[in-house]
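Those sequence lines, one after another, are chains A and B. Residue numbering for the first sequence follows the numbering used here, starting at 4 and increasing by one per position. Residue numbering for the second sequence follows the numbering used here, starting at 25 and increasing by one per position.
Read the hints as simulated data drawn from the structure, not as lab findings. Built from N, CA and C at the ideal position, the CB exists for glycine as well. Possibly wrong hints are sitting among the right ones.
[To be verified] Within a straight-line C-alpha distance of at most 30 Å, the following computed DSSO-like cross-link-like pairs (lysine-lysine) qualify: (1) A:LYS12 - B:LYS36; (2) B:LYS36 - A:LYS5; (3) A:LYS12 - A:LYS34; (4) A:LYS5 - A:LYS34.
[Stated by the list, open to error] Computed footprint of chain A on chain B, listed as stretches where at least three residues anywhere in the stretch have a Cβ under 8 Å from a Cβ of chain A: (5) 64-76; (6) 209-223; (7) 259-269.
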Amino acid sequence: MKIEVDLTKCQDHGQCVFAAPDVFALDDDGKLALRAEAQGDLYVSDELDESLRDDVEEAADVCPLQAILVRG
Amino acid sequence: MAGLRAAEAVRKNGWAGELIVIGDEDAMPYNRPALSKDALQQVPELAEIVFRVPRAATDVRWRLGRPVAHADLAARTVTVEDETIPWDGLVVATGLRPRRLAIPGPAAGRHVIRTHADACRLRAALTPGARVVIIGAGFIGCEVAASARTLGCEVDVVAPESVPIERPLGPLLGAELRRRHESHGVRFHLGVVPSAFLGTFAVEGVELSDGTRLPADVVVEAVGCQPNVEWLDGNGLDLRDGVLCDDLMRVEGRPDVVACGDIARFPNALFDDVARRVEHWTMAGDTAKRAGAALAAQLTGAELPERGFAPVPSFWSDQYYGFRIQSFGAVGLGGEDVRVLEGELGDEVVVGYHRDGQLVGVVLIGLAGRAAHYRGVIAARAGVAVA
Numbered sequence: 004m005k006i007e008v009d010l011t012k013c014q015d016h017g018q019c020v021f022a023a024p025d026v027f028a029l030d031d032d033g034k035l036a037l038r039a040e041a042q043g044d045l046y047v048s049d050e051l052d053e054s055l056r057d058d059v060e061e062a063a064d065v066c067p068l069q070a071i072l073v074r075g
Numbered sequence: 025m026a027g028l029r030a031a032e033a034v035r036k037n038g039w040a041g042e043l044i045v046i047g048d049e050d051a052m053p054y055n056r057p058a059l060s061k062d063a064l065q066q067v068p069e070l071a072e073i074v075f076r077v078p079r080a081a082t083d084v085r086w087r088l089g090r091p092v093a094h095a096d097l098a099a100r101t102v103t104v105e106d107e108t109i110p111w112d113g114l115v116v117a118t119g120l121r122p123r124r125l126a127i128p129g130p131a132a133g134r135h136v137i138r139t140h141a142d143a144c145r146l147r148a149a150l151t152p153g154a155r156v157v158i159i160g161a162g163f164i165g166c167e168v169a170a171s172a173r174t175l176g177c178e179v180d181v182v183a184p185e186s187v188p189i190e191r192p193l194g195p196l197l198g199a200e201l202r203r204r205h206e207s208h209g210v211r212f213h214l215g216v217v218p219s220a221f222l223g224t225f226a227v228e229g230v231e232l233s234d235g236t237r238l239p240a241d242v243v244v245e246a247v248g249c250q251p252n253v254e255w256l257d258g259n260g261l262d263l264r265d266g267v268l269c270d271d272l273m274r275v276e277g278r279p280d281v282v283a284c285g286d287i288a289r290f291p292n293a294l295f296d297d298v299a300r301r302v303e304h305w306t307m308a309g310d311t312a313k314r315a316g317a318a319l320a321a322q323l324t325g326a327e328l329p330e331r332g333f334a335p336v337p338s339f340w341s342d343q344y345y346g347f348r349i350q351s352f353g354a355v356g357l358g359g360e361d362v363r364v365l366e367g368e369l370g371d372e373v374v375v376g377y378h379r380d381g382q383l384v385g386v387v388l389i390g391l392a393g394r395a396a397h398y399r400g401v402i403a404a405r406a407g408v409a410v411a
């Protein structure tokens with residue numbers, strides 16, 4: 004399982020952080036922290052542990068911009 | 025959206041039987057915030073905002089394009105056109121529709137904003153130089169005002185309150201929002217209501233209760249919404265303000281009927297045991313998941329979810345770029361005791377709303393890096409508030 008975040012859609016609302024705090028974080032300016040790791044406009048995670056599935060699916064649901072995709 | 029999320033939750037919680045979602049719009053459920061927030065600059069294509077159907081909800085029959093006409097809770101049926109559909113469990117998620125003003129005048133040129141089609145129609149009318157009169161100074165009215173100014177329209181806002189967004193934000197923040205909107209050229213006409221729409225075939229102006237006549241090419245009615253409950257008439261339910269639910273989202277104790285989204289009036293254990301409707305995007309998902317879980321448990325004979333439902337209310341509003349309003353908690357409950365918690369009212373600021381000396385809600389303008397902290401403070405109320 005991997006997640007993708009469309010950083011052109013993301014507006015740093017942070018709902019994903021409350022849903023899946025082990026995967027998402029905001030930096031001190033309130034911006035999505037994983038922006039720093041992304042190559043271009045699409046962030047693709049490493050393979051995530053299956054135990055995180057409920058959390059990341061919840062994060063995808065509650066994203067106001069629907070910018071998160073759970074793959075696999 | 026609440027319907028989709030509820031269907032997903034019913035499946036995830038073990039219901040394997042038939043699942044039908046009935047909706048009046050032709051489109052699959054789509055994401056509405058994109059329609060009134062700053063995205064009015066360029067209304068997204070419907071295909072861009074339709075929700076992905078999650079894996080759990082792929083085995084669902086979608087019956088779209090016709091509204092549900094009636095439900096008979098005793099017979100356990102709903103009627104769509106002339107078809108009667110039986111059910112074992114019912115999810116009420118028919119949401120709201122914009123309230124319309126019942127004052128005289130032509131209908132053409134008057135807009136509301138709720139559906140994608142509404143947003144497309146309004147966007148097409150917001151041409152540079154167009155004279156736009158917005159009736160209502162709540163969140164939607166202010167968001168449309170900001171969008172219309174950004175698009176180069178002339179904007180007048182008419183409302184009976186003394187400041188914009190007086191409910192729920194109160195006079196302190198309301199005055200500050202007025203100042204910000206006025207600095208962008210929005211003109212407010214407060215303490216008055218419209219008395220007539222002027223014009224013969226299409227709206228050419230709005231007459232106000234103080235006699236003022238505002239010229240208008242476009243009128244936007246942003247005067248709140250009303251719950252779509254008429255299809256539930258005749259079942260003896262209390263439908264005065266949406267549908268009354270318990271903390272499992274069950275409608276008046278019926279274990280086989282649940283409600284969710286904007287239409288549901290339910291108690292939140294973060295605050296007290298008073299049932300209230302909450303028109304927030306995030307709450308639609310929270311209540312849908314709870315309603316779906318409770319209904320699936322009822323249908324499958326599984327154990328019901330634990331009592332005590334304490335979702336953190338949160339909303340946001342984008343009015344001009346670089347200036348996001350975020351809120352957590354129930355600011356409407358803390359209007360008697362409003363204080364600046366940090367920052368400066370004229371700049372980035374956090375305002376706290378208190379009841380009995382306890383923080384019940386916060387509003388941030390900017391200071392996005394502090395949002396998680398304040399959400400945590402509100403969420404920590406769980407277990408504190410219930411007497």
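Hint check results:
1. Straight-line distance between C-alpha atoms of LYS12 of chain A and LYS36 of chain B comes to about 28 Å, which keeps the hinted pair within the 30 Å bound.
2. Taking the CA atoms of LYS36 of chain B and LYS5 of chain A, the gap is about 21 Å. The hint holds against a cut of 30 Å.
3. With a C-alpha separation of about 13 Å, the suggested pair LYS12 of chain A and LYS34 of chain A falls inside the 30 Å cut-off, and the hint holds.
4. Pair hint LYS5 of chain A plus LYS34 of chain A holds up; C-alpha atoms about 21 Å apart against a cutoff of 30 Å.
5. Only residues whose beta carbon comes within less than 8 Å of a beta carbon in chain A count, and the stretch 64-76 of chain B has 3; three or more means the coverage holds.
6. Residues of the stretch 209-223 of chain B lying with their CB closer than 8 Å to a CB of chain A number 0, which falls below the three-residue condition for coverage.
7. For the stretch 259-269 of chain B, the stated coverage by chain A is not satisfied: 0 residues place a CB nearer than 8 Å to a CB of that chain, which falls below the threshold of 3.
Going through the hint list in order, the structure does not satisfy hints 6 and 7.
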